[in-house]
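K.L.:
Chain by chain, the residues:
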Amino acid sequence: MGRSTTAKEAEALVQSLRSAYSATPTNLKIIDFYIAFAVVTALIQVVYMAIVGSFPFNSFLSGLLSCVGTAVLAVCLRIQVNKENKEFKDLPPERAFADFVLCNLVLHLVIMNFLG
Amino acid sequence: MVLTFSQGFLISILSLAVLASGFSEDSPTDRRVLVLLDDFAIKSSHSLFFKSLETRGFDLDFKLADDPKLALQRYGTYLYDAAILFSPTTERFGGSIDAASILNFVDSGHDLILAADASSSELIREIAVECGVDFDEDPAGLVVDHTSYAVSEEDGDHTLIASDDFIKSDVILGSKKIEAPVLFKGIGHTVNTANSLVVKVLSASSAAYSADPNAVLSNSPTLIGSSISLVSVVQARNNARILISGSLSMFSNRFLRSSIQKAGSTTKYEKSGNEQFLTELSRWVFHERGHLKALNVKHHKVGEVEEPSMYRIKDDVEYSVEVYEWSGTSWEPYVADDLQLQFYMMSPYVLKTMSTDQKGLYHTSIKVPDVYGVFQFKVEYQKLGYSTISLSKQIPVRPFRHNEYERFIPAAFPYYGASFAMMGGFFVFTLSYLYTK
Numbered sequence: 082m083g084r085s086t087t088a089k090e091a092e093a094l095v096q097s098l099r100s101a102y103s104a105t106p107t108n109l110k111i112i113d114f115y116i117a118f119a120v121v122t123a124l125i126q127v128v129y130m131a132i133v134g135s136f137p138f139n140s141f142l143s144g145l146l147s148c149v150g151t152a153v154l155a156v157c158l159r160i161q162v163n164k165e166n167k168e169f170k171d172l173p174p175e176r177a178f179a180d181f182v183l184c185n186l187v188l189h190l191v192i193m194n195f196l197g
Numbered sequence: 010m011v012l013t014f015s016q017g018f019l020i021s022i023l024s025l026a027v028l029a030s031g032f033s034e035d036s037p038t039d040r041r042v043l044v045l046l047d048d049f050a051i052k053s054s055h056s057l058f059f060k061s062l063e064t065r066g067f068d069l070d071f072k073l074a075d076d077p078k079l080a081l082q083r084y085g086t087y088l089y090d091a092a093i094l095f096s097p098t099t100e101r102f103g104g105s106i107d108a109a110s111i112l113n114f115v116d117s118g119h120d121l122i123l124a125a126d127a128s129s130s131e132l133i134r135e136i137a138v139e140c141g142v143d144f145d146e147d148p149a150g151l152v153v154d155h156t157s158y159a160v161s162e163e164d165g166d167h168t169l170i171a172s173d174d175f176i177k178s179d180v181i182l183g184s185k186k187i188e189a190p191v192l193f194k195g196i197g198h199t200v201n202t203a204n205s206l207v208v209k210v211l212s213a214s215s216a217a218y219s220a221d222p223n224a225v226l227s228n229s230p231t232l233i234g235s236s237i238s239l240v241s242v243v244q245a246r247n248n249a250r251i252l253i254s255g256s257l258s259m260f261s262n263r264f265l266r267s268s269i270q271k272a273g274s275t276t277k278y279e280k281s282g283n284e285q286f287l288t289e290l291s292r293w294v295f296h297e298r299g300h301l302k303a304l305n306v307k308h309h310k311v312g313e314v315e316e317p318s319m320y321r322i323k324d325d326v327e328y329s330v331e332v333y334e335w336s337g338t339s340w341e342p343y344v345a346d347d348l349q350l351q352f353y354m355m356s357p358y359v360l361k362t363m364s365t366d367q368k369g370l371y372h373t374s375i376k377v378p379d380v381y382g383v384f385q386f387k388v389e390y391q392k393l394g395y396s397t398i399s400l401s402k403q404i405p406v407r408p409f410r411h412n413e414y415e416r417f418i419p420a421a422f423p424y425y426g427a428s429f430a431m432m433g434g435f436f437v438f439t440l441s442y443l444y445t446k
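First to last, the protein sequences are chains A and B.
If you're matching positions, the first sequence starts at 82 in the numbering used here and goes up one per residue.
If you're matching positions, the second sequence starts at 10 in the numbering used here and goes up one per residue.
Hints listed in this document are in silico derivations from the structure and should not be mistaken for laboratory results.
Glycine included, C-beta positions come from ideal geometry on N, C-alpha and C.
Heads up, a few of these hints could be off.
To be verified - Quick list of simulated restraints, FRET-style, between CB atoms:
1) B:D324 with A:V156: 49 to 57 Å
2) A:P106 with B:A420: 39 to 47 Å
3) B:A345 with A:V128: 54 to 62 Å
4) B:H411 with A:F169: 44 to 52 Å
5) A:L109 with B:A420: 33 to 41 Å
Go ahead and model the full structure; you've got the sequences and the hints to work with.
P.N.:
In structure tokens form, the structure reads like this:
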């Protein structure tokens with residue numbers, strides 16, 4: 082008896098999440114997809130390192146950090162651009178995007194140097 | 010007859026050339042030999058042996074062992090190139106020779122033939138001990154063998170032994186097999202098996218023992234069996250060669266010419282093997298066989314000719330050396346298949362057998378190991394009967410320079426790929442973000 086109710090509750094939860102998520106604006110969905118891409122790439126690298134070993138450790142760190150840095154910057158962009166976020170109400174989204182682009186440039190410059 | 014100036018000049022030039030060829034430093038064959046005798050009767054009773062030496066070009070200088078004018082060296086240079094001590098009963102040498110001077114003579118690279126016999130003195134035994142050979146301590150002891158004695162007319166006490174237990178070495182005893190056994194009558198000795206420099210050339214049979222033949226044996230003799238050596242040779246670390254025999258009569262004309270029949274065998278040989286045995290052995294002792302020299306050590310990287318001052322790890326290196334053997338008259342190429350090269354730092358990292366072109370050149374190529382430090386190219390060759398070759402050339406080995414590593418590490422390709430994928434993804438993201446409603 083208990084099992085079926087929790088299963089039904091979980092299913093209801095997932096449904097509500099899905100319907101709520103489909104209501105988010107398209108640009109935020111694009112950012113979410115970008116973040117997921119970065120995280121998956123990071124996980125692939127970690128699994129690879131676990132199998133093969135961390136021989137060129139600098140290359141491993143550089144690759145991992147590029148994924149993690151990208152994800153972090155994208156998260157920041159999402160926070161600043163989200164209209165429901167009261168904290169950044171007065172921040173123009175163009176300014177947020179410009180910051181995002183410049184930080185990414187710096188990130189990739191550092192990654193390329195550390196890659197070896 | 011009075012020579013003209015030009016004739017005299019010519020003669021002196023020619024004689025100078027002859028002298029120079031006889032004493033060139035490269036030719037290791039000794040020429041001047043000091044022979045110490047107990048009395049001059051030995052000179053005639055052993056004349057066949059001495060004549061065989063003289064026909065090979067040795068200058069024998071016969072002296073009595075207690076001659077007060079004896080001297081091995083004068084003003085620091087040695088007067089002789091080798092010595093033969095046929096004076097078993099001499100208690101003290103005359104002149105300036107004593108046991109220490111004989112040992113110094115050997116230590117400076119000169120050869121020695123030492124013969125002891127029944128009732129040999131403490132002096133001879135002492136010299137033998139310093140050379141690594143221990144004679145039987147019993148002063149009246151002789152080697153007796155009741156199964157391997159030489160059959161003779163009188164019913165002897167079996168101290169005249171017919172021995173054919175030779176060492177198996179073509180270098181020491183010549184390539185021609187010695188058919189007849191060797192006659193021996195004298196004292197036996199042992200060599201320490203742990204000593205790698207001493208080698209038994211003629212051993213007694215396993216039924217031999219060393220004891221006084223005229224006395225009753227009260228306890229078992231100390232020297233028994235085939236551990237008794239009748240004739241031994243020593244090759245010192247400076248390649249000086251010493252022959253030690255327990256019998257002086259083995260060298261005598263009587264034994265050299267005598268027929269021999271070993272007890273228990275029906276074959277009677279017309280001539281004993283003594284002459285062949287001693288001639289071949291004296292050839293080896295005086296460096297007419299088995300004397301090697303190694304020249305022209307060369308090493309370089311594969312594909313280059315110059316010898317660099319330093320190698321890098323994982324380099325390919327070629328090493329070559331030339332080895333010659335003295336044949337008595339000239340240097341012949343030495344041919345063997347067991348000359349090895351070591352690349353050594355505290356222990357050999359690479360050990361490789363060198364290949365030869367049959368003309369004395371040995372070469373091989375090795376890969377420098379993945380360890381850096383100061384290495385040596387070492388050739389350590391110690392073969393029974395041959396002089397030792399000990400070559401060593403030091404060379405440092407450095408690690409990779411910072412720009413000698415591989416540019417892109419294959420194991421890191423996923424990380425390279427991920428970083429570029431992130432850059433590409435960022436570019437695609439900006440496009441899609443900016444241009445969607």
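K.L.:
Taking the hints in turn, state whether each one holds.
P.N.:
Okay, the hints, checked on the actual structure:
no.	hint	verdict
1	B:D324 with A:V156: 49 to 57 Å	holds (52 Å)
2	A:P106 with B:A420: 39 to 47 Å	holds (43 Å)
3	B:A345 with A:V128: 54 to 62 Å	holds (58 Å)
4	B:H411 with A:F169: 44 to 52 Å	holds (47 Å)
5	A:L109 with B:A420: 33 to 41 Å	holds (38 Å)
Consistency with the previously given hints is maintained throughout, with no hint failing.
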